[in-house]
Amino acid sequence: MDFTWSAELIEFRDELTQVIQQWRTPELLKEYRENHGAAGPLISEFQAELNRRGWSRMCWPEEYGGRALNPLYQFVYVETMEYWGMPYGNLTYTSVAPALLEHASEEQKKEYLPGIWEGRLRFAIGYSEPNAGSDLASLRTRAVRDGDDWIIQGQKIWTSGAEVATHVWLAARTDPDAPRHQGISMIIVPVDAPGVTVRPLWTMSGVRTNETFYDNVRVPYSNLVGPLNGGWTIIMHALNHERVGLSTTGNLAVHFDDAVRYLREHRPEALADPHVRRRLAEIKLELLKHRALAIRNAVTIAGGGIKPQEASMTKIHGSELRYSLSNSLMDLLGRYGGLSRETGELAPAEGSFERTWRASPILRFGGGANELQRTIIATRGLGMPR
Amino acid sequence: MNLDPSETQVLLRDTLRSFLANELPFDQVRACEKEGRADAELWGQLREHGWLATPFPSSLGGGGAGLVEAGLLVEELARRAAVVPIVEALSCGAALARCGGERGAELVRGLIEGAITPVPAVLESSDRFDAIAAEAAGDGSLRAEKYFVDYAGFATHHLVAARRGGETGLYLVDASHPAIKVEPHATIGRTPQAVVRYDAAPAERVAGEDGYDCLVQVARALCTVQIVASMQVSLDQTVAYTSVREQFGRPIGTFQAVQHHVANMATEVESVRLLAYEALDSLDRGSATAERIAIAKAAASRAVPEVTMLGHQLHGGQGYIEENDLYFFTLRGKDRSLAWGTADECLEIVAREIEKPTDWL
Ligand SMILES: Cc1cc2nc3c(=O)[nH]c(=O)nc-3n(C[C@H](O)[C@H](O)[C@H](O)COP(=O)(O)OP(=O)(O)OC[C@H]3O[C@@H](n4cnc5c(N)ncnc54)[C@H](O)[C@@H]3O)c2cc1C
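Line order of the protein sequences matches chains A and B.
Reading the first sequence from the start, the letters are residues 1 to 386 in this note's numbering.
Reading the second sequence from the start, the letters are residues 1 to 361 in this note's numbering.
Only chain B is shown next, with the shape it has when bound in the complex:
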């Protein structure tokens, strides 16, 4: 067992970290938020540097690494509040690479080379992953209404979850087709999101039920890492700030009450981080279960608002204004806690198998 990133993983993480520190000022993020758009420039850079290829097999032109590495990339991007569809595109890629056959492999190559940027379009008005009702017609056209589609307007293609003959599968739709209408939402996370209406849009079946499951599990696990990043930044910033902010003639970080809050934050971050990367590791090793990924996501979703709110409490007024960067992580954290299964929806998955014996070692 080794719970720390390997040397190569550290190198990957640090390279991206310093790249983002130089290339992605927070004002660029503010501009994207304000204009309701994705960061196309950064997305292009990520592709050029080959980061998007990281988790895909070398046979497809990928970096030959796994989802743990994908998680490290996702975490770094989330730590800079980057407005790019990294989780969306990589989870589409993973589902296509693993369950999409020849056509899937071709699409992954397209993703790596920059021909396509696919994002999932899964939820409907029911807001449930286990209640997909959209029907893909036998003639290859799709009528559906998809809700909460992240980066719908930025993507070149949507990977739409739809049913045919009782089976839920993934259908590729060209996002520029006139039969598609995108209505943007405003959300707490301030990243682009929309309701998408497909009015007999041409749709190509690219994966079956296993592809759909894979998509949801990978996205859920990567989203958990985004949450970890939010908590980590909130914690780091709080430790730094309370160590220098003085009131009553001493740094507020010397008050026991403050230290206890920070300790609680750190314990949450540490435990959830381990669950998140364990989930990704199990996906790489083929030993993942929906239940364990759901546990990681539920734990993260519960923890993140608590942790970020404590961060605000300890920052006082300074953390509450948008001139400070803290709010990105609070708002993104809450947004991600609702994405890819809320704590409640994930706990339902756990509850369903509650009598199954657990290996506690």
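Same shape as in the complex, but just chain A:
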């Protein structure tokens, strides 16, 4: 056993942190916040810097411009970016790119991968439908072949980022007569294709997501990724990656550090209170449990596998910790804890605990509801009868 990071990884983390410090200006953070994930001028420059250093695709194979580094580099990269709240391509980077690398044709890889690492191409994920959420395999959006084209008809919901995306990574039913899991295909749909409509849905976290409608949308047949009717395996693979990307410790741990700093600077008498310190210690303990699970998961992936039960444990623990941690911090801060960013200076850590609390439902049902994840741990992980 060896629980230490290699010197190279630490060196990488430190270098990345340094670069982040140079770029992480209030202006950039504001741009990130207000553009809802679209790259404005500052973020584009930052992205270019990451590309120049070869970081944004360092784990990709060499033939696609990568350096084929150990996937732990990507783990450290994402953790560090999440800790500092910096943009790095997010789901396009952690979920769609790995799926393309694994399943797309050579031409498709040439067409899309450079645009992804340059930040030119942004994918919204189009799996969910109004009646296909937890039960994703019941999705009904149809794609019918018409000569060299697909004609797509249907509706998706929760297509996050579609308002700023260039493409939708769309799951469509291509064989309605086959068993549910065997009639689904993955098709890349440009958002600007005629017949695509994007309608906003505003969430209680303040973040936007969308409904997307596809009315006789025509895209080339060659936009099919992977085998015809072989979409389910691709989705499951991408979802496992997504779960890892959604369960970082960094964006939770930053709240702990922010809380300690805030208390030290603004409420030293509270920080001296043994009760407050005990509560913070309890939060720290849960964060370190989460870090342990996340690293376990990352090391398994780096070893070339993925264990669904490990991804599930990390996802459950992370999503529930997002709530309990922000809830505890708000309680510790009393009525200050309820102040939102718009309040201004009086709001602790720019209202980030309150904001995270409001955002904490999503990961408990998104990316596969926690009930379903618990079943995965029991059946696939522990071999219990179904």
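Read the hints as simulated data drawn from the structure, not as lab findings.
Please note that the accuracy of each hint is not assured.
Unchecked claim - Restraint ranges, calculated between C-beta atoms of paired labels, are given here:
#: 1; chain 1: B; residue 1: Arg-103; chain 2: A; residue 2: Asp-273; range: 52 to 58 Å
#: 2; chain 1: B; residue 1: Glu-183; chain 2: A; residue 2: Lys-307; range: 51 to 57 Å
#: 3; chain 1: B; residue 1: Val-239; chain 2: A; residue 2: Lys-289; range: 31 to 37 Å
#: 4; chain 1: B; residue 1: Val-239; chain 2: A; residue 2: Ser-105; range: 45 to 51 Å
#: 5; chain 1: A; residue 1: Pro-268; chain 2: B; residue 2: Asn-2; range: 35 to 41 Å
#: 6; chain 1: A; residue 1: Gln-18; chain 2: B; residue 2: Gly-166; range: 55 to 61 Å
#: 7; chain 1: A; residue 1: Arg-67; chain 2: B; residue 2: Pro-25; range: 57 to 63 Å
Said to hold, decoys possible - Computed list of chain B residues with no C-beta within reach of chain A, every gap over 12 Å:
#: 8; residue: Leu-12
#: 9; residue: Asp-14
#: 10; residue: Arg-47
#: 11; residue: His-49
#: 12; residue: Cys-99
#: 13; residue: Arg-109
#: 14; residue: Asp-139
#: 15; residue: His-177
#: 16; residue: Asp-236
#: 17; residue: Glu-246
#: 18; residue: Ala-266
#: 19; residue: Ile-295
#: 20; residue: Gly-316
#: 21; residue: Lys-356
Unchecked claim - Below, a sample of chain A positions facing chain B; criterion: calculated Cβ distance under 10 Å:
#: 22; residue: Gly-133
#: 23; residue: Ile-157
#: 24; residue: Glu-354
Treat the numbers as computed from the prediction; the structure is a model and nothing was measured.
Don't be surprised by glycine CBs; every beta carbon is placed ideally from N, CA and C.
Given the coordinates of chain A, assemble chain B with the ligand onto it according to the supplied hints.
Using the frame of chain A, we list chain B with the ligand on its own:
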């Protein structure tokens, strides 16, 4: 013993319930949230219909009922996420009626008739009820900074907690006086709140230490009922939604995991509801203790985020968007859990008397 509302209480509750169902669409609440204002129209209606008079003695023009009835009103309003200072005004009224003497009685009449809408201004930057530091000067002027004042901008008067000669009392300040500055906050509950600065504002002493205690206890107990309402709506909506939402070819409410979550939610709501109304009943009977009210508030404050988060988990994406009404109760619930004493502050009160023998029957 009777743990259910009486016939009159049911009538009161149902009348208000159907009134609100007709008169207060949730879009009206959304508009208030968006514009950061109180619902003046509804406040006027509540007064016209005499609901604000309910818990006050008939001798003052009140309805002659008690704080249990006040709780029923508060609960109904919270179930519609109404943006009105009901807890604030009624707790001021209770403190004035019980501890304000002649002047207090006159002010309660003013509240009932619509001449004044008073709200408490208690907390300071310390955010503690037991650390009021504002000093009321002997010449009747007040310099103070009050934090987290709910409905400060909407109220006509503030009932400010301040000290004079070592005693904390309640001081009435006309909110329209130029020596008062109101700086609005944005909060998770999305109801109006502000920091208020009193720069030598004329202040009239209307109650002493007992008035201050009464104000805090009544507000704490009524706030507990607001929390109960948040939990109840979240539970009701979740039961209804999971019974019809189908996935995997059946209503999700048929999954055991879902039923267990709902059962946990219901157990929390039921136990906290009983504690909340027991607290109000004890206030009516004069047998209330700070410790038991603190227990009710602590229990509610701990339960509400758990219950509402489970509600969200079971609603999936549908409960997460603001087109759905669920978020009102989640956000208001958390806001109220921090108001009038967090769980921690209330548990401190309980802890202080931990060796005192308890009557368990
Ligand atoms: C803000 C937001 C962003 C999203 N972004 C995307 C995106 O970019 N792309 C995309 O494709 N999707 C996205 N999603 C969709 C997300 O993945 C779904 O919300 C999720 O799959 C759950 O589906 P549902 O919302 O329909 O909930 P439902 O399937 O209706 O489930 C609701 C709840 O029922 C319970 N439940 C369901 N089935 C079972 C069972 N078998 N056993 C026990 N309990 C069960 C669970 O508690 C579950 O949380 C997003 C959702 C939101 C809210």
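Inset, instruction - For B/Val-239 and A/Ser-105, compare the CB-CB distance with the range 45 to 51 Å and indicate the outcome. - result: Since the Cβ atoms of B/Val-239 and A/Ser-105 sit about 49 Å apart, the hinted range of 45 to 51 Å holds.
Inset, instruction - Take a quick look at B/Cys-99 and tell me if its Cβ sits farther than 12 Å from every Cβ on chain A, holds or violated. - result: Label holds. Min Cβ-Cβ 25 Å, cutoff 12 Å.
Legend entry - Cβ separation of B/Arg-103 and A/Asp-273, checked against the hinted range 52 to 58 Å: Cβ of B/Arg-103 to Cβ of A/Asp-273: about 40 Å, so the range 52 to 58 Å is violated.
Inset, instruction - Take a quick look at B/Ala-266 and tell me if its Cβ sits farther than 12 Å from every Cβ on chain A, holds or violated. - result: The assertion about B/Ala-266 holds, with a minimum of 18 Å to chain A.
Legend entry - Given as non-interface: B/Gly-316, which should sit over 12 Å from chain A by C-beta: Nearest chain A Cβ is 5 Å from B/Gly-316, so the label is violated.
Inset, instruction - Classify the hint on A/Gly-133 as holds or violated, based on whether any CB of chain B lies nearer than 10 Å to its CB. - result: This interface hint holds because 5 Å falls under the 10 Å limit.
Legend entry - CB-CB spacing for B/Asn-2 and A/Pro-268 relative to the 35 to 41 Å hint: For A/Pro-268 and B/Asn-2 the Cβ distance comes to about 51 Å; the hint is violated.
Legend entry - Status of the hint placing A/Ile-157 at chain B (closest C-beta pair under 10 Å): holds (7 Å)
Inset, instruction - Hint says 31 to 37 Å; check whether the CB-CB distance for B/Val-239 and A/Lys-289 agrees. - result: Given range 31 to 37 Å: holds, Cβ gap about 33 Å.
Legend entry - Status of the stated non-contact between B/His-49 and chain A (beta carbon gap over 12 Å): holds (31 Å)
Inset, instruction - With a cut-off of 10 Å on the beta carbons, see whether A/Glu-354 makes it to chain B. - result: Interface hint status for A/Glu-354: holds (5 Å vs cutoff 10 Å).
Inset, instruction - Take a quick look at B/Ile-295 and tell me if its Cβ sits farther than 12 Å from every Cβ on chain A, holds or violated. - result: Label holds. Min Cβ-Cβ 17 Å, cutoff 12 Å.
Of the numbered hints stated above, those contradicted by the structure are hints 1, 5, 17, 20, listed in ascending order.
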